[in-house]
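Engineer: As a plain string of letters, each chain reads:
Protein chains: 2
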Amino acid sequence: MARRGLMLVLSSPSGAGKTTISRALLERDDNLSLSVSATTRKPRPGEVEGRDYFFVSDGEFERMVQADEFLEHADVFDHRYATPRGPVEKALSEGRDVLFDVDWQGAQQLRHAARDDLVGVFILPPSHDELERRLHTRAQDSEEVVRGRMAKAASEMSHWSDYDYIVVNREIEESVAAVQAILAAERLRRERQLDLPGFVTHLCAGN
Amino acid sequence: MARRGLMLVLSSPSGAGKTTISRALLERDDNLSLSVSATTRKPRPGEVEGRDYFFVSDGEFERMVQADEFLEHADVFDHRYATPRGPVEKALSEGRDVLFDVDWQGAQQLRHAARDDLVGVFILPPSHDELERRLHTRAQDSEEVVRGRMAKAASEMSHWSDYDYIVVNREIEESVAAVQAILAAERLRRERQLDLPGFVTHLCAGN
Chain U
1 MARRGLMLVL SSPSGAGKTT ISRALLERDD NLSLSVSATT RKPRPGEVEG RDYFFVSDGE
61 FERMVQADEF LEHADVFDHR YATPRGPVEK ALSEGRDVLF DVDWQGAQQL RHAARDDLVG
121 VFILPPSHDE LERRLHTRAQ DSEEVVRGRM AKAASEMSHW SDYDYIVVNR EIEESVAAVQ
181 AILAAERLRR ERQLDLPGFV THLCAGN
Chain E
1 MARRGLMLVL SSPSGAGKTT ISRALLERDD NLSLSVSATT RKPRPGEVEG RDYFFVSDGE
61 FERMVQADEF LEHADVFDHR YATPRGPVEK ALSEGRDVLF DVDWQGAQQL RHAARDDLVG
121 VFILPPSHDE LERRLHTRAQ DSEEVVRGRM AKAASEMSHW SDYDYIVVNR EIEESVAAVQ
181 AILAAERLRR ERQLDLPGFV THLCAGN
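Sequences listed follow chains U and E, in order.
1 is the number of the first residue of the first sequence in my numbering; add one for each residue after it.
1 is the number of the first residue of the second sequence in my numbering; add one for each residue after it.
Check before you lean on any hint, since a few could be wrong.
Pair by pair, the computed Cβ-Cβ distance ranges are [as the list claims (entries may be wrong)]:
| hint | chain 1 | residue 1 | chain 2 | residue 2 | range |
| --- | --- | --- | --- | --- | --- |
| 1 | E | V48 | U | A2 | 40 to 50 Å |
| 2 | U | D52 | E | Q105 | 46 to 56 Å |
| 3 | U | E94 | E | L26 | 34 to 44 Å |
| 4 | U | D103 | E | V76 | 37 to 47 Å |
| 5 | E | V145 | U | E89 | 31 to 41 Å |
| 6 | U | A2 | E | E171 | 49 to 59 Å |
| 7 | E | D58 | U | A2 | 22 to 32 Å |
| 8 | E | V76 | U | L194 | 50 to 60 Å |
| 9 | U | E89 | E | V76 | 45 to 55 Å |
| 10 | U | K90 | E | L26 | 41 to 51 Å |
Quick partial rundown of chain U residues pointing at chain E, CB under 8 Å, derived from the structure [what the hints assert, rightly or not]:
| hint | residue |
| --- | --- |
| 11 | A74 |
| 12 | A178 |
| 13 | A184 |
| 14 | L196 |
Calculated from the structure, these hints are not laboratory results.
Backbone N, C-alpha and C define an ideal beta-carbon position, used for all residues, glycine too.
With the sequences and hints as input, model every part of the structure.
Structural biologist: Written out as structure tokens, the structure reads:
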């Protein structure tokens with residue numbers, strides 16, 4: 001059945017397992033692809049235009065901001081990053097779903113731009129101690145470094161209530177299955193169905 | 001994680017496969033049970049009070065209507081049927097989900113009474129011809145009998161847009177999996193989570 005695609009936004013504090021979940025979803029779901037960002041930074045060796053990023057000049061980036069050609073954009077240190085509207089809109093209209101791996105600020109901008117196309121999932125670590133353990137990435141990490149990471153995670157987590165779904169990542173396979181169920185269900189939402197059996201839309205028109 | 005239960009409402013025209021799907025869901029999902037209706041009709045042999053129905057007198061039924069103790073009620077010929085509010089409210093508060101097999105009028109009343117607890121799924125047959133084939137239950141059915149059934153199905157189907165999800169029942173296993181995904185996803189909705197990890201609710205309170 002033909003339907004409009006959806007924008008799946010995954011956010012989480014670092015250390016909660018979002019990247020692993022995203023990769024598994026992309027591998028297992030042929031109808032889902034990762035959104036490609038535009039950036040003003042230079043390509044690194046091996047990066048491919050249109051696959052890793054759309055590489056644009058500062059001038060072109062600013063022109064696109066002004067022309068409202070981005071769904072969201074952010075400045076990170078000296079570089080600018082954004083989600084171009086065109087490729088996302090094309091995917092959705094063709095019934096393909098797009099995955100966004102963004103922080104709460106990106107998610108908020110996307111929500112504002114996309115409205116009903118967006119499905120927001122927030123991934124949480126199972127406990128404070130488990131998060132701390134995961135953020136201790138190296139044995140020589142100082143307490144101060146870990147405290148800094150915890151504070152950043154806490155700040156990100158305080159935005160959990162902006163999301164439609166909450167997945168507590170206790171076990172990775174269980175969490176992947178949970179996000180897959182969310183995708184499967186959201187694809188069946190009435191407002192995404194464009195091509196109900198003809199005899200039903202006929203009834204609908206006569207209603 | 002503790003959560004509030006949900007009310008899963010399945011509706012469809014007869015012949016679309018709703019009963020088969022409901023049975024499969026109830027068999028496979030220990031956390032889901034069928035809502036037990038109250039009725040003024042007499043028990044039939046083998047029917048058990050509280051399992052098949054709550055059998056009540058006409059006077060008791062009317063008292064319950066007046067006291068707003070039903071989530072929905074309807075008169076069918078000489079008998080009255082209703083969904084008692086108490087057992088449903090108890091199940092939801094204990095995190096158990098309740099399945100309702102009702103027509104669009106029952107669904108509309110439940111929606112009005114339940115608001116955010118309700119998840120409505122409408123099951124559609126794949127085509128006009130397939131529905132007609134399924135409604136020809138006996139070889140000797142006259143054209144007129146089948147036409148009558150089709151008209152009734154059409155009238156039911158015209159209410160598809162009152163539901164949250166649409167499942168076109170092409171193949172029964174696929175449709176059961178679809179409703180299971182809807183259940184799994186709806187259980188993860190933010191507003192149903194009552195018991196997020198303590199460190200998150202702490203953040204939330206400080207927000």
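Engineer: So, for every hint listed, does it hold in this structure?
Structural biologist: To see whether the hints hold, each was checked on the structure:
1. A hinted range of 40 to 50 Å for the beta carbons of E/V48 and U/A2 is consistent with their spacing of about 46 Å.
2. Taking 46 to 56 Å as the suggested C-beta distance range, the pair U/D52 and E/Q105 conforms, at roughly 55 Å.
3. At roughly 38 Å, the beta carbons of U/E94 and E/L26 sit within the given window of 34 to 44 Å.
4. Judged by the Cβ atoms, the range 37 to 47 Å given for U/D103 and E/V76 is violated: they are separated by roughly 55 Å.
5. For E/V145 paired with U/E89, a C-beta distance near 50 Å fails the hint of 31 to 41 Å.
6. For U/A2 paired with E/E171, a C-beta distance near 18 Å fails the hint of 49 to 59 Å.
7. The given range of 22 to 32 Å is broken by E/D58 and U/A2, whose C-beta atoms sit roughly 50 Å from each other.
8. Between E/V76 and U/L194, the C-beta spacing of about 36 Å breaks the proposed range 50 to 60 Å.
9. For the pair U/E89 and E/V76, the supplied restraint of 45 to 55 Å holds, since their beta-carbon distance comes to about 49 Å.
10. Separation of U/K90 from E/L26 is about 42 Å and conforms to the stated range, judged on CB atoms against 41 to 51 Å.
11. Here the hint on U/A74 is broken, as its CB sits about 22 Å from the closest CB of chain E, past 8 Å.
12. For U/A178, the interface hint holds, the least distance from its beta-carbon to any beta-carbon of chain E being 6 Å, beneath 8 Å.
13. Restraint check, U/A184 versus chain E: the minimum CB separation of about 4 Å is within 8 Å; hint holds.
14. Interface hint status for U/L196: upheld, as the beta-carbon distance to the closest one in chain E is roughly 7 Å, under 8 Å.
Hints 4, 5, 6, 7, 8 and 11, counting from the list given before, are not met by this structure.
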